[in-house]
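Going down the list, the protein sequences come from chains A and B. Going by numbering that gives the first Met the number 0, the residue at position 97 of the first sequence is 96; the numbering climbs one at a time, nothing skipped. Going by numbering that gives the first Met the number 0, the residue at position 51 of the second sequence is 50; the numbering climbs one at a time, nothing skipped.
Read the hints as simulated data drawn from the structure, not as lab findings. This one's a predicted model, so the numbers in the text were calculated from it and none came from an experiment. Just so it is clear, CB atoms sit at the ideal spot from N, CA and C, and this is done for glycine as well. One or more of the hints may lead you astray.
[Claimed, not checked] Within a straight-line C-alpha distance of at most 27 Å, the following computed BS3-like cross-link-like pairs (lysine-lysine) qualify:
{"no.": "1", "chain 1": "B", "residue 1": "Lys80", "chain 2": "B", "residue 2": "Lys102"}
{"no.": "2", "chain 1": "B", "residue 1": "Lys57", "chain 2": "A", "residue 2": "Lys100"}
{"no.": "3", "chain 1": "A", "residue 1": "Lys100", "chain 2": "B", "residue 2": "Lys82"}
[To be verified] Incomplete in silico selection of chain A near chain B, CB under 7 Å:
{"no.": "4", "residue": "Ala46"}
{"no.": "5", "residue": "Thr99"}
{"no.": "6", "residue": "Lys100"}
{"no.": "7", "residue": "Val102"}
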Amino acid sequence: MVYSFLPVQIIFALFLLFAVSRVLLRLKDSTLTINNFLFWTGLFTLAIIGVVKPELTTIIADKLGINRGSDVVVYASIILLFYLIFRTNILLENLRHDLTKLVRMIALSEKKKS
Amino acid sequence: MKTLILILPAFNEAQVIGPVLTKIKLAVKKLPTQTELLVVNDGSSDNTLKIVKKSKVKVITHIINRGLGASLATGLEYAEKVKADFAITMDSDGQHDPDDILKVLTPLLKKKADVVIGSRMLDNKQDMPFLRRLNNKAFNLLTLGLFKITTTDSLSGFRGFSKKAIQKIKLKTERMEVSNEFFTEIKRNQLKFTEVPIKVIYTDYSMQKGVKPGNIFAIIFRLLLRLLR
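Looking at chain B on its own, in the form it has when it is part of the complex (with noise of 0.2 Å):
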């Protein structure tokens, strides 16, 4: 049976996680992959690394926070040292429903792509809010703009990877950059890339979270020092 991790990168999300993660449990159950779940803790300062341990779920901790991208290529890591298969990251603050986790992993069964990006502007535009779905428009085309990759969703981060992805992705951006970064990667390593519909859950909760409009600039700037690092 191919082997699936799932990743989880979590920042202070005590409030949510516990739930999260037992509608998580349930879901992979269902998977036709041997999956294993793992929450990247970030330097945690309240009781999130409590609540997963309680969970009884995978956890790797960061001893200080390190950022959004830095959890994830933490995860990936992780994936590539057990040798996983696939490896899918999804949202901590529960704005991702687990049963589109099938609908990211199917395209990486079938052979279909390294990497799956799960768009939630195929589906239901009408539940964006209006500024996000303008933030996301103008990362889109900055994504466009810098890698000539075409995506109705950059700032997506619900993402599947199939092994090749996996060993060729190498992130060096640390924060909320990463969204845009995964695109140099792809393009970087030519791998093939999908995207697939999936549900979104706003909460006032996962409306505070996320890039915020006014963070393109600071993007830009960062992805720019990447570049001349």
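Extracted from the complex, chain A is given alone in its bound form (with noise of 0.2 Å):
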């Protein structure tokens, strides 16, 4: 059996794979944890594999009682966009605290200067 792709399975899995090059690469420099590598790499072969084989996303939908299997890819894409949006919100307050610290250590040893 031949499996002939739409050029926008094409496109899109060409850009995911070039994303999961860049993981690789992050990983290499060391600018990426071991466990934000497996989750980016796990989300991009999820990715690929749904962009390959979109009639097993169906089958998914079917099990969760979704009409479309397109269906099922947005509403997770949504629910882990929010994810990341509240996670990328913590990792801001806590530089954010970090500064505070770094700007309140100045300041007190400045007085102490003084």
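Hey, can you piece these two chains together into the complex? The hints should help.
Given below as structure tokens:
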């Protein structure tokens, strides 16, 4: 059996492969932790499977009681985006807190000097 | 003699901070404590620092603006470092009457409380503008819902702390939500808490400051982030 892919599938798959290659590079230069590497590689691999074999998303859609496979992808993407925005907010809060600690340390040490 | 650090967080308060400091300096002379006045200049871009320095008051400067919560935490950390017996925080916009410092200090001196909140709602409800009162009620309900603590003024910036409270309270929030975070810390550290009535002086200037009614959602979100961090 020979598969013939639609142009959109080829473009999406190539983009996702490019994304996986970036994740690998980030792991190599140690800017990504192993947990983050596994998360992003897993996510992009699932996306590649969904692009190459869209009928699999229909099976999941049937099991979840959603009409179409593409709807599953949209719903999952929205949930994932919400989660990532929330994580980014927490990361930003941590950065703000670290910055404040630094500013406070400088302020108190300046006070000590004077 | 017991020592007291009077903390005034200030961000761009050049318009009013000079007269405010003069009044406070007069009031602290009457206190039964050895009092040190400390301004935490939170990265002000106006002449606040210059005016404070001219007033010959101790000042700690944040090199960049970090918010009200961060300034209060800096002040409390200083109080802990110098082993102060008490710390009192006041707004630097002139809305607090320096003569009320003694009212806030008294329960601490008598060891009746670890944290004292100067409440604007106990004595002069009629003075508080309607929107402010409504806003305050909403935040009081939030405090009750989140921390199971009943307060009449969760947004008051006039607070007193015992040595135990100074050592135990660890603030993590950086902005206006700090007012609610104090109640998290009171609950977490099981600190004795009381309220005393204070006067409030509303001016056009002070009305521009403080927590606005629309901020409640942002504050809830930031408090949530604090819990999940």
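Taking the hints in turn, this is what the structure says about them:
{"no.": "1", "hint": "B:Lys80 / B:Lys102", "in the structure": "holds, 25 Å"}
{"no.": "2", "hint": "B:Lys57 / A:Lys100", "in the structure": "holds, 21 Å"}
{"no.": "3", "hint": "A:Lys100 / B:Lys82", "in the structure": "holds, 20 Å"}
{"no.": "4", "hint": "Ala46", "in the structure": "violated, 27 Å"}
{"no.": "5", "hint": "Thr99", "in the structure": "holds, 5 Å"}
{"no.": "6", "hint": "Lys100", "in the structure": "violated, 9 Å"}
{"no.": "7", "hint": "Val102", "in the structure": "holds, 5 Å"}
Violation of the numbered hints given earlier is confined to hints 4, 6; the remaining hints are satisfied by the structure.
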